[in-house]
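Throw the hints in and build the complete structure from the sequences for me.
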Amino acid sequence: MTIKGKSYIAGIYEHPTRHAPDKSTAQLHAEVAKGAIEDAGLTKDDIDGYFFSGDAPGGAWPMVDYLGLKVRHVDGTDTGGCSYIIHLGHAAEAIATGKCSIALITLAGKPRTGPAQVRAPGAEADFETAYGATTHNAYGMCAMRHMHDYGTTSEQLAWIKVAASHHAQYNPHAMLKDVVTVEDVVNSPMISDPLHRLDCCVVTDGGGALIVTTPEIAKSLKKPQVRLIGHGEAMKGPRGGKDLDLTYSAGVWSGPRAFEEAGITPKDIKYASIYDSFTITVLMQLEDLGFCKKGEGGKFVADGNLISGVGKLPFNTDGGGLCSNHPVNRGGMTKIIEAVRQLRGEAHPKVQVKNCDLAIAHGTGGLLGVRHAASTAILERV
Amino acid sequence: MSEVKKYPAPVTNPETAAFWDAAKEGKFMIKRCTACGEAHYFPRSICPFCYSDKTVWEEASGEGTIYTYSLMRKSPTGPYAIGYVTLKEGPSVQTNFVDCHLTTLKIGQKVKVVFKPTDGAPLPFFTTI
Chain A
1 MTIKGKSYIA GIYEHPTRHA PDKSTAQLHA EVAKGAIEDA GLTKDDIDGY FFSGDAPGGA
61 WPMVDYLGLK VRHVDGTDTG GCSYIIHLGH AAEAIATGKC SIALITLAGK PRTGPAQVRA
121 PGAEADFETA YGATTHNAYG MCAMRHMHDY GTTSEQLAWI KVAASHHAQY NPHAMLKDVV
181 TVEDVVNSPM ISDPLHRLDC CVVTDGGGAL IVTTPEIAKS LKKPQVRLIG HGEAMKGPRG
241 GKDLDLTYSA GVWSGPRAFE EAGITPKDIK YASIYDSFTI TVLMQLEDLG FCKKGEGGKF
301 VADGNLISGV GKLPFNTDGG GLCSNHPVNR GGMTKIIEAV RQLRGEAHPK VQVKNCDLAI
361 AHGTGGLLGV RHAASTAILE RV
Chain B
1001 MSEVKKYPAP VTNPETAAFW DAAKEGKFMI KRCTACGEAH YFPRSICPFC YSDKTVWEEA
1061 SGEGTIYTYS LMRKSPTGPY AIGYVTLKEG PSVQTNFVDC HLTTLKIGQK VKVVFKPTDG
1121 APLPFFTTI
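If you're matching them up, the sequences are chains A and B in order.
Under our numbering, the first residue of the first sequence is numbered 1, with each subsequent residue one higher.
Under our numbering, the first residue of the second sequence is numbered 1001, with each subsequent residue one higher.
Honestly, I wouldn't trust all of these hints.
Listed next, the in silico EDC-like pairs over lysine to aspartate or glutamate satisfying Cα-Cα at most 20 Å (straight line) [to be verified]: (1) B:Lys1027 x A:Glu128; (2) A:Lys44 x A:Asp65; (3) B:Lys1106 x A:Asp245; (4) B:Lys1106 x A:Asp149; (5) A:Lys6 x A:Glu260; (6) B:Lys1110 x A:Asp245; (7) B:Lys1088 x A:Asp245; (8) A:Lys312 x A:Glu380; (9) A:Lys242 x B:Glu1038; (10) B:Lys1116 x A:Glu128; (11) A:Lys242 x B:Glu1058; (12) A:Lys242 x B:Asp1099; (13) A:Lys270 x A:Glu346; (14) A:Lys219 x A:Glu346; (15) A:Lys70 x A:Asp48; (16) A:Lys34 x A:Asp46.
Since the hints were made in silico from the structure, they are not lab data.
The structure is reproduced here in C-alpha cells:
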C-alpha cells in the first residue's frame, strides 16, 4: 500500500498579509480557503474533505459551518507547525481510499494582533511548566548541545539566515526584506544562548491553504501538475528521560519513510522547503533528512550553499519563516506552498530553480528541545 | 529580581501525589520499574519502556550533570536558565538552574537538587556544586 502519486496539490494560496488587526481569525481562514479554491479553478461546493489544526477557531463544527462546507471527511490533527504537512499525507490517504476527492487544508491566525492561544496541559505539566520552556530556549538547548557535540558555530548557523534573506529581498510580501550578513546575525542581541535575535523567525498574522485532489481531477484543471510521491510522520520526546539526545529530531524517522516511499534519495532533490523557526531547526533537519551526515550541518550550510543559484541546495526561496512569513507560529503550510511554486515554475524568477522536478517540504511542530512531531513530503512535477 | 520569583504550585494528581508529598520533606523521587529495572522521570504508574505496572518510588541522590542549557536573557521575571540534568540514576530531567552564576554554566558541570517554595508543594531545581 502506498500513497505514491495518488494525490495532487491542485491549489495553493498564501495570504499576503503579515499584520491583520482588522480581520478575524475565521475570516483569514475563509480568505485563504477562497484563494486556494480559486487557484485550483474549483468552487467551494467541490470540497468534500476538510483538514485543519489547532489554529482553526472552535475546531471542526464551527469551521466547517462557517466556511459553508458540506464534507464527507474531516481531520483535525494538531501537531503544531507541521500539522499541514501531516494533513497532506492524511489527505492523500483519504483520497487514495475514496473517503474524499477534493480536500481543503487551511491555516490562519493572528499572533501579532489577536489573543494568545493556550494549550491544554499534558501529563508533564507539573514537572515542566514552572521552568519556562519557550520556543527560544527550547531550540537554544538543542543548539547548545549540537555545538558541544559537533563543534557547530554561530557563524555557520548565521549562514542559514543569510541565505533566507537573500531570497526574501525578491518577495514583496516578506516581512524582512533586507539582505543580512553573517556579522549582522552574530552581532544581533543574544535572546537565549546561543541563539541571537537574527537566528529567530518572524512572528506574523496571516495564513495559507491547499487543495489536494485525485490525479483525474488534477489533470482536468489548468495548473501545472504537482503530486505527492512520498510522505512520513514521526514523534519524539524525552520518553522518561532515557538516553536524552537533543541533537536530532523526529525527522530521522519521517524523512527516510518519505524518501523510501518516493523511491528517491536526498541527492535527487532540486529544492528544499525546510521549517526554519530558528536557524538551528534548519541545520538539524538537513542532517536528519540525510542531506549531510549528522554533525556536518554547519559545514553544509556555510558559504551560501542554501542560496538559490549559488549553492547546491536552494532552500526556502520565499524567504521562509526566518524572513518572510511564519503565520500563527506554524510554518508547515508555507513550506508546502513555496515547494509547489518551485515545481510549477511560479517562484520569483530570481530564485526559481531551473528544471525543478523534485522538491521536499519538511517541518517540525512543538518544541525540538522538549517534545515534537516531524513530517516530510516529497513532491514531484508531473 | 529572580530572588523573589514566584513559581506556580503543582496541581498534583493521584498518580504523582507521592512525589509532591516527598518534596515537602526535601526528598527528590524518581520511579523505577521492577520488571525491566529502568528508572524514569517524570513519574508514571505504567513503565514507559516495558508497560509493566510494577513501578516503585525511589529516592534519588539529587545529583547529576548538565546535559544542556539555554540562558533566556530577558523575561518578565528576569533572566533564567533552563536545561536538562542527567541524574546519577540515569534519567534526564528538565529544570532551571538557580542560586548560581547563570553566565558561566557549562555542559557536563555537576549539579544538585534544591527545592523552592510555592503556595503548594515545593518545586525541584538544580544548582551547581
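Hints, verified against the model:
| no. | hint | in the structure |
| --- | --- | --- |
| 1 | B:Lys1027 x A:Glu128 | holds, 18 Å |
| 2 | A:Lys44 x A:Asp65 | holds, 13 Å |
| 3 | B:Lys1106 x A:Asp245 | holds, 17 Å |
| 4 | B:Lys1106 x A:Asp149 | holds, 13 Å |
| 5 | A:Lys6 x A:Glu260 | holds, 16 Å |
| 6 | B:Lys1110 x A:Asp245 | holds, 18 Å |
| 7 | B:Lys1088 x A:Asp245 | holds, 17 Å |
| 8 | A:Lys312 x A:Glu380 | holds, 19 Å |
| 9 | A:Lys242 x B:Glu1038 | holds, 9 Å |
| 10 | B:Lys1116 x A:Glu128 | holds, 14 Å |
| 11 | A:Lys242 x B:Glu1058 | holds, 16 Å |
| 12 | A:Lys242 x B:Asp1099 | violated, 27 Å |
| 13 | A:Lys270 x A:Glu346 | holds, 15 Å |
| 14 | A:Lys219 x A:Glu346 | holds, 18 Å |
| 15 | A:Lys70 x A:Asp48 | holds, 6 Å |
| 16 | A:Lys34 x A:Asp46 | holds, 12 Å |
Taken one by one, the earlier hints fail for this structure only at number 12.
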